[in-house]
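J.: One-letter residues, chain by chain:
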Amino acid sequence: MSNTIKVSVWRGAKDGEYQSFDVPRQPSQTVLDVITYIQRHIDPTLSYRFACRVGVCGSCSMTVNGRPRWTCRTHVDKVATDGTLTVAPLRNLEVVKDLACDMTTFFEKMNKAEGKFHPTKTRDDDFAFIKPDDKKRKQAAAGIECIGCGVCYAACDIVDWNKDYLGPAALNRAWTLVNDERDGGNAIRLAAVAGDAGCHACHSQQGCVEHCPKHLSPTHAITGLKRETAKAAIKGLLGGGD
Amino acid sequence: MPGAQIETKLWVWQRLSAAVLGVCVFVHLGMIIYAVQGGLSAAEIITRVSGNFIWFVFYAVFILAVAVHAPIGVRTILNEMTLLSPKATHLVMAVLCLVILVMGFRAVIGLYQAGAGL
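Residue numbers (this note's numbering), protein chains in the order written: chain A, 1 to 242; chain B, 1 to 118.
Worth double-checking, as some hints may not be accurate.
Subject to a maximum C-alpha distance of 25 Å in a straight line, what follows is the list of computed BS3-like cross-link-like pairs (lysine-lysine) [what the hints assert, rightly or not]:
1) K163(A) / K9(B)
2) K231(A) / K9(B)
3) K116(A) / K138(A)
4) K214(A) / K87(B)
5) K9(B) / K112(A)
6) K87(B) / K163(A)
7) K135(A) / K121(A)
Quick caveat, the hints were computed from the structure, so don't treat them as lab data.
With the sequences and hints as input, model every part of the structure.
T.: Here it is as structure tokens:
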């Protein structure tokens, strides 16, 4: 193992350039460790975003050697096979500065996909009893661990060419709620996720599945949404008659 | 989402027509093996399959499936890859559907009549 690693880091916003740094190598060093070292010891003006450092918060995602990754759980020796690192902001999002992206659009699309819970009971009602092996419970459980890191959104080519496309994370979130027995918002949710900026825009290229650090399958969720919206459309429930 | 109902219905139609086409293509390839035994020629095909009502019905279904499937797909590609408006791509879809229906049924009816001696 070389004593240092050569790191190219994106500096600027939409317009900018890569700046090179030499960073000392450490055992079990993560990409986030490398970026943090640059900011604390070489250039304090470097902007990036992180919080938990342990793969829970989803805020430290960046493009590492061309692939979107969660940097806090990405070990340097796994990705810097030729001894170099190139770190850039996530694709498909507006860059605020250096490695920090504006996540507003990403989270707005969660709302557009009706990714919020629509309760059907009050605090005075009893708990909903759902068996662990319930089919819909399993479907919801398969997608519920999303940490909102934006890696799937950056990996998706459809988001790249269709800026209105809701994206894998928002559709995955919608699918978990479609399968939530306690939720009463499916009528508006299915209408929100159907169409050429929703689940029907997905080409099943599975870039999201390939890159999701939590090993979720948004493609599976989107396929489920296509099935449920089809049933709703046949019944004429997607609104408007348009 | 605007157009959710129509977009989803078009998706359903394309999937259903794809299922029909899957069977049709399989049978069509089988028919080619059956009909073309002495080199690929119009005479060879007409001799073996024309005038047969079952083949007529089969190819009529085939054309209907193509007329549904292909225009919806072309519309989607145009929506994604060009700057044409949704109205324009809708029009292209309708025109393409008509062209496939006219050309397809012209061929199928011609093939059937050739064998029926009409």
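J.: Next, verify each hint and record whether it holds.
T.: Comparing the hints with the structure gives:
| no. | hint | verdict |
| --- | --- | --- |
| 1 | K163(A) / K9(B) | 23 Å, holds |
| 2 | K231(A) / K9(B) | 10 Å, holds |
| 3 | K116(A) / K138(A) | 19 Å, holds |
| 4 | K214(A) / K87(B) | 41 Å, violated |
| 5 | K9(B) / K112(A) | 21 Å, holds |
| 6 | K87(B) / K163(A) | 20 Å, holds |
| 7 | K135(A) / K121(A) | 22 Å, holds |
Comparing the model with each numbered hint stated earlier shows that hint 4 is the single one that does not hold.
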